[in-house]
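Sequences are here, hints too, so could you generate the full structure?
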Amino acid sequence: MGLIIFLILGIMAVVTASGVVIEKRPVYSAIYFIVNLITLSLIYLTLHAEFLAVVQVLIYAGAVMVLFLFMIMIMPPVVENRFGKINLEKFIIIPLLLILLFEIIYVLYSGLTIDIGKNMPPLSFEKFGGIASLGQILFKRYLVPFEITSLILLVAVIGAVYLRRPDQ
Amino acid sequence: MTKESFIIWLIAKIILILVVFVALLLTIAFLIYAERKIIAFMQSRIGPNRVGPIGLLQPFADITKLFLKEDLIPAGADKFLFVLAPCISVFTAFMAFSVIPFGRDIVIHNVIIPLQITNLNVGVLFLMAIFAINVYGIVLAGWSSNSKYSLFGGMRSCAQMISYELPLGLSMVGILMLSHSLSLRSIVAAQSKHWFILMQMPAFIVFLISSIAETNRAPFDFPEAEPELVAGYHTEYSSFKFAMFFMAEYASMITLSALAVTLFFGGWLGPSFLPPFIWFFIKVCLMLFFFIWLRATYPRLRYDKLMKFQWTVLLPFSLLWILITGAILI
Chain A
1 MGLIIFLILG
11 IMAVVTASGV
21 VIEKRPVYSA
31 IYFIVNLITL
41 SLIYLTLHAE
51 FLAVVQVLIY
61 AGAVMVLFLF
71 MIMIMPPVVE
81 NRFGKINLEK
91 FIIIPLLLIL
101 LFEIIYVLYS
111 GLTIDIGKNM
121 PPLSFEKFGG
131 IASLGQILFK
141 RYLVPFEITS
151 LILLVAVIGA
161 VYLRRPDQ
Chain B
1 MTKESFIIWL
11 IAKIILILVV
21 FVALLLTIAF
31 LIYAERKIIA
41 FMQSRIGPNR
51 VGPIGLLQPF
61 ADITKLFLKE
71 DLIPAGADKF
81 LFVLAPCISV
91 FTAFMAFSVI
101 PFGRDIVIHN
111 VIIPLQITNL
121 NVGVLFLMAI
131 FAINVYGIVL
141 AGWSSNSKYS
151 LFGGMRSCAQ
161 MISYELPLGL
171 SMVGILMLSH
181 SLSLRSIVAA
191 QSKHWFILMQ
201 MPAFIVFLIS
211 SIAETNRAPF
221 DFPEAEPELV
231 AGYHTEYSSF
241 KFAMFFMAEY
251 ASMITLSALA
261 VTLFFGGWLG
271 PSFLPPFIWF
281 FIKVCLMLFF
291 FIWLRATYPR
301 LRYDKLMKFQ
311 WTVLLPFSLL
321 WILITGAILI
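Protein chains in written order, with this note's numbering: chain A, 1 to 168; chain B, 1 to 330.
Calculated directly from the structure, the hints in this document are not laboratory data.
Predicted, not measured: the structure shown is a model, and the values here were computed from it.
Check before you lean on any hint, since a few could be wrong.
[Unchecked claim] Distance condition first, Cα-Cα at most 25 Å in a straight line; then the derived SDA-like pairs of lysine to any residue:
(1) B:K308 to A:V157
(2) B:K79 to A:V21
(3) B:K13 to A:I5
(4) B:K13 to A:M1
(5) B:K79 to A:F68
(6) B:K148 to A:F70
(7) A:K140 to B:N121
(8) B:K79 to A:R165
(9) A:K24 to A:V14
(10) B:K3 to A:M1
(11) B:K193 to B:K79
(12) B:K193 to B:K3
(13) A:K140 to B:L329
(14) A:K140 to A:L52
(15) B:K13 to A:I43
(16) A:K24 to B:I324
(17) B:K148 to A:G10
(18) A:K140 to A:L47
(19) A:K140 to B:L170
(20) B:K148 to B:Y303
(21) B:K79 to B:K3
(22) B:K308 to A:R165
(23) A:K90 to A:V15
(24) A:K24 to B:A77
(25) A:K140 to B:S181
(26) B:K79 to A:S18
(27) A:K24 to B:I73
(28) B:K308 to A:V64
(29) B:K193 to B:I278
(30) B:K308 to A:L67
(31) A:K140 to B:I324
Below you can see the structure in the form of structure tokens.
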């Protein structure tokens with residue numbers, strides 16, 4: 001049962017992700033992206049990570065993509081043929097993609113030897129994605145990185161406000 | 001859970017979903033009637049009084065009329081998105097109600113059935129996510145109509161709803177700190193001694209203002225401001241698709257009222273001479289009456305002032321209130 005659900009969601013995720021790239025109309029691209037984000041959040045749900053699933057929809061689909069769509073709507077609805085001619089970008093992107101693919105395959109074959117969660121406190125499977133356990137980890141174990149991240153975000157916000165100051 | 005109790009549980013859940021869906025539809029129908037009657041009373045008019053006794057069948061006449069009208073799709077519109085937009089609106093508006101608890105648990109053959117479609121342990125966040133998705137219905141309707149008025153309506157509501165989601169979410173944080181839970185059921189249970197409005201009055205005011213802006217109701221109904229934008233994002237919509245937007249607006253109004261009742265007024269809790277869901281219904285009706293009362297009382301504000309108010313007053317205030325709540329709790 002779990003495998004069937006994962007297969008359906010996985011195929012949907014791949015189809016929508018390719019849709020983002022292949023679709024020529026920008027608004028439809030954005031919508032493919034939104035569906036992709038929602039599919040990913042459903043995959044999180046099957047892994048008992050309710051908090052992550054809801055936050056994925058709330059932040060990415062609900063806030064970030066609305067701003068994307070907002071920008072696309074302001075643009076004139078002229079569709080440019082993005083796939084017509086061979087340009088410089090393709091020569092850079094294709095090698096980069098190949099390197100990324102190689103990296104993914106290497107990591108999968110080497111069996112994830114990087115220790116991310118070796119010294120983690122033991123968590124029960126049901127409580128793993130819950131808010132309580134996440135909060136415990138975030139505010140006790142990873143307090144300093146968490147605060148540094150929020151500081152970086154604050155700097156970004158101040159930078160954005162500075163760039164858009166009234167006298168410009 | 002044995003097989004037999006699972007089947008009982010499943011059937012009970014399906015019946016519960018159907019009952020909630022039909023109840024929501026009926027509430028929407030009579031809410032529209034009630035709104036017209038109440039506003040008429042406040043403006044010294046009579047209101048709908050022709051169809052049925054004191055106009056009670058008016059909502060059904062309206063629905064029939066909307067069904068029978070011609071369904072137009074503008075020639076320049078993006079047809080797929082034009083049809084998709086009202087579906088998103090109505091789907092999310094109804095889906096949001098699924099985490100609202102409206103009664104005590106009932107027991108059928110030793111199977112406990114909570115009177116709530118689903119008890120998520122991240123219920124409040126789930127609601128916020130649904131409200132966030134709800135924006136797409138309006139934005140896509142504005143864009144796909146390929147009309148200037150619709151586009152402006154869509155863009156306005158996009159900015160307005162995103163901005164007001166922040167204080168709406170932040171106003172609930174105090175409640176979450178008091179109840180130690182994100183599940184709406186536990187929040188109701190935590191109010192058995194006293195309602196949270198007693199401790200969270202400022203948060204309630206922020207919640208109320210943001211929820212009016214979030215549902216695009218008067219005095220914050222800029223996405224459909226008639227004198228400027230004809231009808232905003234649904235200018236080009238007719239027939240059943242228009243009815244879907246209409247239903248979505250009223251359904252979100254009911255959901256937000258139910259949420260306000262759950263968070264601040266003790267949900268279905270009340271003296272025992274009435275069943276819990278009756279208490280819930282009465283409280284929601286009072287909140288809805290407040291929504292209508294506001295619409296009849298205040299004129300529409302100015303759009304830039306609304307946005308400025310949110311970013312310079314409401315947001316800092318709600319952040320400050322979270323700080324104060326935290327300080328008191330510690």
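Verification of the supplied hints:
1. B:K308 to A:V157: Between K308 (chain B) and V157 (chain A) the Cα gap is close to 18 Å, so the pair holds against 25 Å.
2. B:K79 to A:V21: 22 Å, holds
3. B:K13 to A:I5: Since the Cα atoms of K13 (chain B) and I5 (chain A) sit roughly 21 Å apart, the hinted pair holds (cutoff 25 Å).
4. B:K13 to A:M1: Status holds; Cα separation ~21 Å.
5. B:K79 to A:F68: 21 Å, holds
6. B:K148 to A:F70: 15 Å, holds
7. A:K140 to B:N121: Given that 25 Å is the threshold and the Cα spacing comes to 22 Å, the pair holds.
8. B:K79 to A:R165: 40 Å, violated
9. A:K24 to A:V14: Holds, at about 17 Å.
10. B:K3 to A:M1: 17 Å, holds
11. B:K193 to B:K79: Not satisfied, since the Cα-Cα distance of roughly 54 Å exceeds 25 Å.
12. B:K193 to B:K3: 38 Å, violated
13. A:K140 to B:L329: 20 Å, holds
14. A:K140 to A:L52: Holds, at about 19 Å.
15. B:K13 to A:I43: 24 Å, holds
16. A:K24 to B:I324: Status violated; Cα separation ~50 Å.
17. B:K148 to A:G10: 39 Å, violated
18. A:K140 to A:L47: Distance of about 24 Å is within 25 Å: holds.
19. A:K140 to B:L170: 23 Å, holds
20. B:K148 to B:Y303: 17 Å, holds
21. B:K79 to B:K3: The hint is violated at about 47 Å.
22. B:K308 to A:R165: Given that 25 Å is the threshold and the Cα spacing comes to 15 Å, the pair holds.
23. A:K90 to A:V15: Holds, because 22 Å separates the two Cα atoms, which is no more than 25 Å.
24. A:K24 to B:A77: The given pair, whose Cα atoms are some 17 Å apart, holds under the 25 Å limit.
25. A:K140 to B:S181: This hinted pair holds, its Cα atoms lying about 19 Å apart.
26. B:K79 to A:S18: Within the cut-off at roughly 23 Å; holds.
27. A:K24 to B:I73: 23 Å, holds
28. B:K308 to A:V64: 21 Å, holds
29. B:K193 to B:I278: Status holds; Cα separation ~20 Å.
30. B:K308 to A:L67: It holds: about 19 Å lies between the C-alpha atoms, which stays within 25 Å.
31. A:K140 to B:I324: 23 Å, holds
When held up to the earlier numbered hints, the structure conflicts with 8, 11, 12, 16, 17 and 21 and fits the remainder.
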